[in-house]
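Trainee: For reference, the chains in residue letters:
Number of protein chains: 2
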Amino acid sequence: MISILLIGKGNVATHLYNVFSSIDVLKVTQLNSRKLENIPQADVTIIAVSDDAIAKVSSKIKNSFVVHTSGSVALKDLKNNTKKGVFYMLQTFSKDKKIDFSKVPFCLEAENDDEYLLLERLAKLIGEKIYKINSEQRKTLHVAAVFVNNFTNYLYKIGEDICKKNNIPFEVLHPLIMETSQKIKTLSPEKAQTGPAIRNDKKTIKNHLNLLNKEQQEIYKILTKSIQNGN
Amino acid sequence: MISILLIGKGNVATHLYNVFSSIDVLKVTQLNSRKLENIPQADVTIIAVSDDAIAKVSSKIKNSFVVHTSGSVALKDLKNNTKKGVFYMLQTFSKDKKIDFSKVPFCLEAENDDEYLLLERLAKLIGEKIYKINSEQRKTLHVAAVFVNNFTNYLYKIGEDICKKNNIPFEVLHPLIMETSQKIKTLSPEKAQTGPAIRNDKKTIKNHLNLLNKEQQEIYKILTKSIQNGN
Chain A
1 MISILLIGKG NVATHLYNVF SSIDVLKVTQ LNSRKLENIP QADVTIIAVS DDAIAKVSSK
61 IKNSFVVHTS GSVALKDLKN NTKKGVFYML QTFSKDKKID FSKVPFCLEA ENDDEYLLLE
121 RLAKLIGEKI YKINSEQRKT LHVAAVFVNN FTNYLYKIGE DICKKNNIPF EVLHPLIMET
181 SQKIKTLSPE KAQTGPAIRN DKKTIKNHLN LLNKEQQEIY KILTKSIQNG N
Chain V
1 MISILLIGKG NVATHLYNVF SSIDVLKVTQ LNSRKLENIP QADVTIIAVS DDAIAKVSSK
61 IKNSFVVHTS GSVALKDLKN NTKKGVFYML QTFSKDKKID FSKVPFCLEA ENDDEYLLLE
121 RLAKLIGEKI YKINSEQRKT LHVAAVFVNN FTNYLYKIGE DICKKNNIPF EVLHPLIMET
181 SQKIKTLSPE KAQTGPAIRN DKKTIKNHLN LLNKEQQEIY KILTKSIQNG N
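In order, the protein sequences belong to chains A and V. FYI, my numbering numbers position 64 of the first sequence as 64, with every residue one higher than the one before it. FYI, my numbering numbers position 114 of the second sequence as 114, with every residue one higher than the one before it.
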């Protein structure tokens, strides 16, 4: 039996509470981070609150092993005086959408092997993809995620804007978007690169720029240049 | 019975030949674009050759109705003296990968209703998603496709580069990439936008920039600025 104390009432905390509750060998308690008067003992205390609140919340906890769930906060930013760790799930969590934990990458970190193995045991009870990622790596992973998630979504938005302006339903582009993302499973993005930039098709590039607004042009140019530099 | 003459031996021509051959009410012949001495009659002549060759190939054809399959060539660039049209499938075609035509968007154009209906009949025999798209719309659709396919793939590459540099397996990011692309089916990219840029989280943005090389910084900055402008 592993006892878990979950601090926080947001998406991550709630999804974790639900999945932990379904596992026989786990005993889980959830606590609001604003009501930390009586903190129960637990083998693992998981702080799932906003990044800015992690230091303050952790400073109030005397339990033996305290971890947070953030992609952008270092292990050493935990301010408990006991053992520290990180239990970071690299996935977007929506309130109403059920999470398939078997597909979620668990990025784990701890100060010592014993605590790492405890986090790994926990992750293996609910998931399958487990990675040992230190604070430095997790920081860079978070930047990479901005590129493949936030910025990619913004390129979808530009695609949608172009469609709207020309009375084309955006759904025409859906299959291409799916195909492009599925492809990474079998082909590295470097090898999958196609399009006028990599072909150095100057005529098409010029035609494309003529169809875009100033801001879209800027983005088109910089990405084209970067693709051609091959960096 | 509809008779089809397919000109070209590339990916698009070959995939079309295979699927047309499987339909009872179609009679299809395939011809190499370099051997156009004896051109057989057909109800629809489909030129599936490289963009640059479309004008020249079409100028040699006297069949009643000639269409091309290109996303970036206008209908009027066909140089036959008979009826013209476009049969553009917005999807990437790989040589060895079977195409699920039920998911391919067919973007059709013709000069008159009769020819348009013929193209539509043809598309409905092999597919399900059919759109009436004129030459002007198709041009802009092609630019939009560059953003959601070529440029998106390049952002994946940057993600992969960051991972490599920090000894992180790129597969850690795969589930996030899948989730981001799947989301467009239920939520518009505009509404799905998350991340430090839209939150105007200056501290995180600054930390991220410190982890990137010059070229990645440039891209990060311009996309962040553009997301914040809300254009």
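FYI, nobody ran anything at the bench for these hints, they're computed from the structure. Mixed in with the good hints, there may be bad ones.
All copies of an identical chain are treated as equivalent in the list; a pair is satisfied when it fits inside any one copy or across any two copies.
Stated by the list, open to error - Below are the DSS-like pairs computed for lysine-lysine, each with C-alpha atoms no more than 30 Å apart in a straight line:
no., residue 1, residue 2
1, K165, K191
2, K95, K139
3, K129, K225
4, K164, K9
5, K124, K165
6, K103, K185
7, K129, K164
8, K83, K225
9, K225, K124
10, K139, K62
Trainee: Within a copy, between copies, both or neither: where do K129 and K225 come within 30 Å Cα-Cα?
Mentor: neither (36 Å within a copy, 35 Å between copies)
Trainee: Between K103 and K185, at a C-alpha cutoff of 30 Å, which is it: within one copy, between copies, both, or neither?
Mentor: both (14 Å within a copy, 19 Å between copies)
Trainee: With identical chains, the pair K164 and K9 could be close in the same copy or across copies; at 30 Å between alpha carbons, which is it: within, between, both, or neither?
Mentor: neither (39 Å within a copy, 35 Å between copies)
Trainee: With 30 Å as the alpha-carbon cut-off, assign the pair K95 and K139 to within, between, both or neither.
Mentor: Classified as within; 25 Å inside a copy, 39 Å across copies.
Trainee: Taking 30 Å as the upper bound on the Cα-Cα distance, should K139 and K62 be classified as within, between, both, or neither?
Mentor: This pair counts as within: shortest intra-copy Cα distance 27 Å, inter-copy 63 Å.
Trainee: Quick one: K83 to K225, C-alpha cut-off 30 Å, is that within a copy, between copies, both, or neither?
Mentor: neither (47 Å within a copy, 40 Å between copies)
Trainee: Using 30 Å as the alpha carbon limit, work out where K129 and K164 are close: within a copy, between copies, both or neither.
Mentor: Answer is between; shortest inter-copy Cα gap is 18 Å, intra-copy 39 Å.
Trainee: Within, between, both or neither: how does the pair K165, K191 come out at a Cα-Cα threshold of 30 Å?
Mentor: Classified as between; 18 Å across copies, 32 Å inside a copy.
Trainee: Classify it for me, K225 with K124: is the Cα-Cα distance of at most 30 Å met within a copy, between copies, both or neither?
Mentor: Answer is neither: 44 Å inside a copy and 40 Å across each miss the 30 Å cutoff.
Trainee: Check K124 against K165 for me: Cα-Cα at most 30 Å, and say if that holds within a copy, between copies, both or neither.
Mentor: between (48 Å within a copy, 27 Å between copies)
Hints 3, 4, 8, 9 from the list above are not met by this structure, while the remaining hints are.
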